[in-house]
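**Q** Put chain B on the given structure of chain A with help from the hints.
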Amino acid sequence: GAVVSQHPSWVICKSGTSVKIECRSLDFQATTMFWYRQFPKQSLMLMATSNEGSKATYEQGVEKDKFLINHASLTLSTLTVTSAHPEDSSFYICSEAGTSKNEQYFGPGTRLTVT
Amino acid sequence: QKEVEQDPGPLSVPEGAIVSLNCTYSNSAFQYFMWYRQYSRKGPELLMYTYSSGNKEDGRFTAQVDKSSKYISLFIRDSQPSDSATYLCAMSAGGGNKLTFGTGTQLKVEL
Numbered sequence: 001g002a003v004v005s006q007h008p009s010w011v012i013c014k015s016g017t018s019v020k021i022e023c024r025s026l027d028f029q030a031t032t033m034f035w036y037r038q039f040p041k042q043s044l045m046l047m048a049t050s051n052e053g054s055k056a057t058y059e060q061g062v063e064k065d066k067f068l069i070n071h072a073s074l075t076l077s078t079l080t081v082t083s084a085h086p087e088d089s090s091f092y093i094c095s096e097a098g099t100s101k102n103e104q105y106f107g108p109g110t111r112l113t114v115t
Numbered sequence: 001q002k003e004v005e006q007d008p009g010p011l012s013v014p015e016g017a018i019v020s021l022n023c024t025y026s027n028s029a030f031q032y033f034m035w036y037r038q039y040s041r042k043g044p045e046l047l048m049y050t051y052s053s054g055n056k057e058d059g060r061f062t063a064q065v066d067k068s069s070k071y072i073s074l075f076i077r078d079s080q081p082s083d084s085a086t087y088l089c090a091m092s093a094g095g096g097n098k099l100t101f102g103t104g105t106q107l108k109v110e111l
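For the protein sequence lines, the chains are A and B, in the order given.
Here our numbering is used: position 97 in the first sequence is 97, and no number is missing along the way.
Here our numbering is used: position 27 in the second sequence is 27, and no number is missing along the way.
Heads up, none of these hints are tricks.
Among chain A residues calculated to face chain B with C-beta under 7 Å, some are:
{"hint": "1", "residue": "Ile93"}
{"hint": "2", "residue": "Lys101"}
{"hint": "3", "residue": "Gly109"}
Only pairs whose alpha carbons sit at most 20 Å apart, straight line, appear in this in silico SDA-like list of lysine to any residue:
{"hint": "4", "chain 1": "A", "residue 1": "Lys101", "chain 2": "B", "residue 2": "Leu46"}
{"hint": "5", "chain 1": "B", "residue 1": "Lys98", "chain 2": "A", "residue 2": "Glu63"}
{"hint": "6", "chain 1": "A", "residue 1": "Lys101", "chain 2": "B", "residue 2": "Leu47"}
Since the hints were made in silico from the structure, they are not lab data.
The model shown is predicted, which means the values in this text are computed figures rather than measured ones.
For every residue, glycine included, the Cβ atom is placed at its ideal position computed from N, Cα and C.
Extracted from the complex, chain A is given alone in its bound form (with noise of 0.2 Å):
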């Protein structure tokens, strides 16, 4: 299965600020990546689809100037999240499409704090 790292996996920061995690597809050019976040005993919700060289597509109910995606290169997607408040406190996780375009590999989750 695919490869795929996230920078940071775990970062703290005051509330106001701006954070970004990156998204590599170490071993695959993913053209297409997923955003999700997950908050403790619930499962994964779904963010936006990164889509190379093009906007993403975000899921209702997401605010797309508070959660910023680029997705520059086959290998590399990020998330901003501007202004963040304690209530963005979550596991973002990404994940990549499979060879199928059907199943996704998932990274290991980056663990936002929000102080």
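**A** Coordinates of chain B only, in the frame set by chain A:
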């Protein structure tokens, strides 16, 4: 009603037991079915990936899909403490469509 239903558990079994994890779904368009294992504070790991109805075996893991009943299962044989994790089912209609996840079942395998 959720599109995918999964018992959240927790499910506790003794080491060596056979574990049965299940999901039901309502969308008949789903064609691709996955099981993920997620350890605490880690990203989900793809365990099994199947298309349409039938069985698939990989080591101690067996995935079953019954599309007529809209029911999928994951069996774990000879369960080990290292199998203790949350197991998520996921499915899609294919064509690059997004995944729909179950809520996850927390499994604990005790010595």
